[in-house]
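2 protein chains.
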Amino acid sequence: MSIAIIGTVAFDSIETPRGMHERILGGSATYAGVAASLFSPVHLISIVGNDFPQVHFDYFENRNISTNGIERSSGLTFHWKGFYKGDMSQAHTLQTDLNVLLEFDPKVPASAADSRIVFLGNFDPELQRRAIRQFNRPELVVMDSMNYWIQDHLTSLKETLKLVDVLILNDQEIRLLTGIDNVVQALPHVIKMGPKRVIVKKGEHGALMYNGSDFFAVPAMPLDDVVDPTGAGDSFAGGIVGYLAKNTELTEDVFRKAVIIGTLVSSFTVRDFTLGMLERVTQDQLRAEYDHYKRITALPEEF
Amino acid sequence: MSIAIIGTVAFDSIETPRGMHERILGGSATYAGVAASLFSPVHLISIVGNDFPQVHFDYFENRNISTNGIERSSGLTFHWKGFYKGDMSQAHTLQTDLNVLLEFDPKVPASAADSRIVFLGNFDPELQRRAIRQFNRPELVVMDSMNYWIQDHLTSLKETLKLVDVLILNDQEIRLLTGIDNVVQALPHVIKMGPKRVIVKKGEHGALMYNGSDFFAVPAMPLDDVVDPTGAGDSFAGGIVGYLAKNTELTEDVFRKAVIIGTLVSSFTVRDFTLGMLERVTQDQLRAEYDHYKRITALPEEF
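First to last, the protein sequences are chains C and G. Following this note's numbering, the numbering of the first sequence begins with 4 at its first residue and continues without gaps. Following this note's numbering, the numbering of the second sequence begins with 4 at its first residue and continues without gaps.
If you're looking for bench data, these hints aren't it; they were derived computationally from the structure. Don't take each hint at face value.
Any copy, or any two copies together, can satisfy a pair, since identical chains are not distinguished.
Think about it this way: if two alpha-carbon atoms lie no more than 25 angstroms apart in a straight line, the pair counts; the simulated SDA-like pairs of lysine to any residue are [as the list claims (entries may be wrong)]: (1) LYS165 <-> TYR151; (2) LYS297 <-> ASN173; (3) LYS161 <-> ILE194; (4) LYS297 <-> ASN185; (5) LYS88 <-> GLN175; (6) LYS88 <-> ASP174; (7) LYS297 <-> ASP217.
Same shape as in the complex, but just chain C (with noise of 0.2 angstroms):
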């Protein structure tokens, strides 16, 4: 079954330790995307400017992501400019182009209205919304945002978490969302908001899920080498949703398996800058990282 992911695609021009790379492929869109694509077809629903090459629609087309709900645009296409220092936790954007963004008012093709998961990357909420409407009743709606969203659109932010199924974020954005410095503590204000579940994610320390009445905490998996941090969340979320979209039946341990796979799916995402090493993927790998991480995180039987 399908997925619409829906957000945007990006030139990235990044600064690490392990080098620099100018305006290669990126974008929440593009992550998560590609990290879905692992799992099942998906649907992108973007906007890019005439300066972004056909060399990219057909790597997207050649993954089984269909690109007929990419907007192009006569502008340029969104830019970010940043580096990553120190811990690599935190992102320092040096420049932001929002270019052809500013007009961005996703049109979802007729082919991918009958998606049954949808993913909304960060952007806009009010957007959120309109882009949620043009879909016949998906079975999960997964949400993301950012801390500008929260702060400067709370109002238009809560409209949507109505509409939201899963709401995917990082520690500090749940903070800023409920007010509430204690992250467990202000999930179930979360889950009165809307979503159902909430999935933390919290880089480096892992990941925590919350279904309104249990918890589900994991660490990450050790790296010892982080080369580029970026797409890390875009591409947990994708791989999320990609597994979800692969079974019939939501259960919590599908959800449960839904968290791993996408912690190692990031896993794989910052081991490479761009896309180098996430697009490389294969099941067996996947498999093979799953037995490595139970062996990391193996408790032992009995107390």
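Starting from the known structure of chain C, fit chain G onto it as the hints suggest.
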């Protein structure tokens, strides 16, 4: 088999969003000792002033914590005053009265010299070495430290590390000790300094253990109510050494279980001021908490 725990016994004056307490029983050896005493007899080695009441000595003795090694000096007991706010992850110090700690020169009583496990709380690395030498070939030397000793007494600290089997530090301290931002990358460098095993405590983010070849990563227990984080790290370490002492063979499996026990024990500590909740923990409660933790972290079996 018994454990010797060497470190500070103190009065703490603490303010958190949940309340304020003056001159309550604290100190690294106190928290580690009470946590360890849940599993094994303990020898406490420390120094207090003449203002330290008999009722606290009785308290220790009633818990099977021998106080023979607690020197009574004529001065005043070490006193720390601080507060926590916001996400409670950082202690803010208002006042530190070292008092009798300035004359601390640990004397291991004959009754403790055959301890199988020695835990060195956070104090002057030169004194840590002097303490180790007073034991008759302990099977395991476990050590804690803090940024002050790493920054200002690094040469001395590295001498002590050569005598240590298991080092327990938080992630910032690991970075400081090695000069490496990526903690996973830093751990093999710590092993080269002497310890055969490193346990990284990450507070609300869980723990990471490295034995020179394999990792063990665990999340923390999700807690919606942190009353007072004081002693979390010390009782984490105390729970670990206490549980280890209960086992005749220190296998990898036993170490993994010990890290979980430390995680659970410290989660009891922070749910009340001073030793309020920690001291009342029963084996049944721990067993139930272990089962609860297993449910919260349970991975689906196959990929």
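Violations among the numbered hints, reported as their numbers in ascending order:
The structure conflicts with no hint, since it agrees with every one listed earlier.
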